[in-house]
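Undergrad: Protein sequence lines, in the order shown, are assigned to chains A and B. Going by our numbering, the first residue of the first sequence is number 1, and it counts up by one from there. Going by our numbering, the first residue of the second sequence is number 1, and it counts up by one from there.
The set of hints was computed from the structure by calculation and includes no laboratory data. There may be inaccurate statements among the hints.
Claimed, not checked - Capping the alpha-carbon separation at 25 Å, the derived lysine-lysine pairs in DSS-like fashion look like this:
hint : chain 1 : residue 1 : chain 2 : residue 2
1    : B       : 123       : A       : 66
2    : A       : 79        : A       : 66
3    : B       : 136       : A       : 116
4    : A       : 71        : B       : 203
5    : A       : 79        : B       : 136
6    : B       : 109       : A       : 66
7    : A       : 79        : B       : 165
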Amino acid sequence: MELTRSQQNKAWELAAARHAMPSHLSSREQREAFSRDMRRRVHVMARVSSAAFASEVKRGVDAHLKGEVSKPVLIAYLKGVLARLGYNPSTGFPGDAALGIPPALPGSLRDLSSWKRLELIIDTEGALAHGKVQQMQDYTPVALRLVPAYEMIRVRHPKAPRNWPARWSEAGGPPPLDGRFIAPKEHEVWHNLGDHAIFNDALGVDHAPFWFNSSGSLIGMPRGTCMRLGIMDTQGNWAEAYAPGGTKDYADAQTATLPPPVVNAKAVDPAIRARLQAALAASTARLDRREAA
Amino acid sequence: MSLALTIEVSGDTDLARQLQDLQDVLTDRRSLNESIGITVKDGGTTPGGRDLVGVKRHLLNAATTRHTTANRLGATPTGYINKLAESLELDSSYESARIVATENVDILKRAFGEVEIYIRNRKWLTMPCDARTYGKSPLNFPGMLDFFVIIPDVLAAWRMRTKPKQDMPDRLQKADKPEKPREPGETPKGTEDIVFWGRKSTKLTRDEGLLPTEADFYDLIDLGLNLELQRVLSA
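Only chain B is shown next, with the shape it has when bound in the complex:
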């Protein structure tokens, strides 16, 4: 799935009025839209000498400060946001300019509000809780994990074995269930080597800093317009 970031410049603002006005003056708006799109993606420098950071660099900068879980677990960051930044595509035409993200796009939704993720059927959302499993899936460890449900339809876990299942006698291949926690929040006994938690749903908090602010976007659009007008008038 791809997601397009659409910014509608509308309302009773100078910029909106001006873009509307230019629609009548410029019959071929391809170059204007491409100029706006490129500036929004890559940034630029205002006539006053202020550097505006584009979406791509903003995302790469944001990626450097979003390693909390990796750092806590002592794991290597996955580069999830970097891959998103590298997948940005520009879609400009006579009518509009859009920035399209094609990889790891779901994280973008967090810039707009809290995101709740559900999973149905017999599957579980997996949350790595160990440096060995960070950025990986239980599928990475065939024969090395024991899966058990702690609270039906709420909480499950995967525990790492010391030896692969096929190397153990049959009677030992079944997972030992850990004790259920007696108090809410208490760590269940026997969970020391749990490497993934499983949940049916999770909430991701809003991440406003993931994308430039709306005011920054307006500046970038204005700069794209400005640079194109400079070119047209100096040609």
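Bound-form chain A, shown alone:
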């Protein structure tokens, strides 16, 4: 077992493929003005009218996702960019007043030069890229077969946590299992949780993180675990309360571009089939032996 350097970084590739776009609109106005598809393709921040700053943020986030620059250094750099562009929380960028951009309280989330606003931008962009990669890899035919459900778990403990049971119910989630939020991957709840028509703080995506500053993470629930929990039967059918209500369009998940390989042993040589059966028996015996040990 060893660690090796890798060139792979799909999260960075996804983020890098988006374009920066300035906009004087607030988050709420952008949701009404821009389509979901457009927001997926562009990196747009609320009340950022400066194209120069928008593109510097995009360039910085890309470099951060690539591991080339740490978050504190990037934030300090962006604060310097804002100063050079003449940004002031009270007056915004030069010309902002004419666009109707309201002044921001210095140090608040609306203040572009505040540490917490810049940190939120970088964290949200990074989390969205990682969430999208997770979705792309979790909805392949093999992944859906082996790990057919998600559990939403809390990995950070904010001072004022959101009311998850209420949100889960509002998003049409199945009954929580002993307080655990589990649903098939194809269940509409995963689509609804990030829908800003339902939740004001939603990011408008059908993958984690669903909300700004979310403390949640999605973790795969393997098929055997689903069966043990009683939400799936041995035939692979969902219990009634957990069955997805409709087929969701995950076409944008950009699953494997090549069709899944068709592999079955029906038509193969009996000798090869026997070898595969022997391999399966040996594997099961090894796992049983280790379990006993």
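Given the coordinates of chain A, work out where chain B should sit on it, guided by the hints.
TA: Chain B alone, transformed into the frame defined by chain A:
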């Protein structure tokens, strides 16, 4: 930088022999490799009903027990390991399956042994020692910190001001140096409001529990193989 976790199943073991054997039988190993990769990442249940925890859940579980410094300082944990877990990517192909981590990857090195970190030039490695600064950098506090070197090229510190520098008269903007410790290990006088220590190098101890054990990885690989063979034979 991204780091890939590579597990080579080799040597004179049943599993290694079997994987080698299957290379001859299965001409398209994409599905097999993806099955192994997904199982290593997300876990699964053995035919005997044993739940195997995958790397992602293992890391998230490990994160819950690694808050010693945050707890000692009364600070909020940074979620460093959680972010690492959330950044895991699967890289499976005809040839192999790899788990790639793309965020906070350096901490993974601790699973393999002690890690020594150096910093050169005029920079310092910063170690937060106060709840206000835990998980942050001196850059978070512009105008609020005084920096001073205690032992040249060995130890430095940042002290928190009560008022930002620009609000003070010029003559008060210079940092007061604390007294040097007289005995090794003694806390220097005037260090009560030190919020960061600075060092040129530090050693991070080995953290074996950060990743599943090699035997657990072999079980996960075997289970991925098992599940794929079940599928092929039942198709």
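Undergrad: Run every hint past the structure and note whether it holds.
TA: Evaluated hints:
no. : hint          : in the structure
1   : B:123 / A:66  : 22 Å, holds
2   : A:79 / A:66   : 21 Å, holds
3   : B:136 / A:116 : 12 Å, holds
4   : A:71 / B:203  : 22 Å, holds
5   : A:79 / B:136  : 16 Å, holds
6   : B:109 / A:66  : 18 Å, holds
7   : A:79 / B:165  : 18 Å, holds
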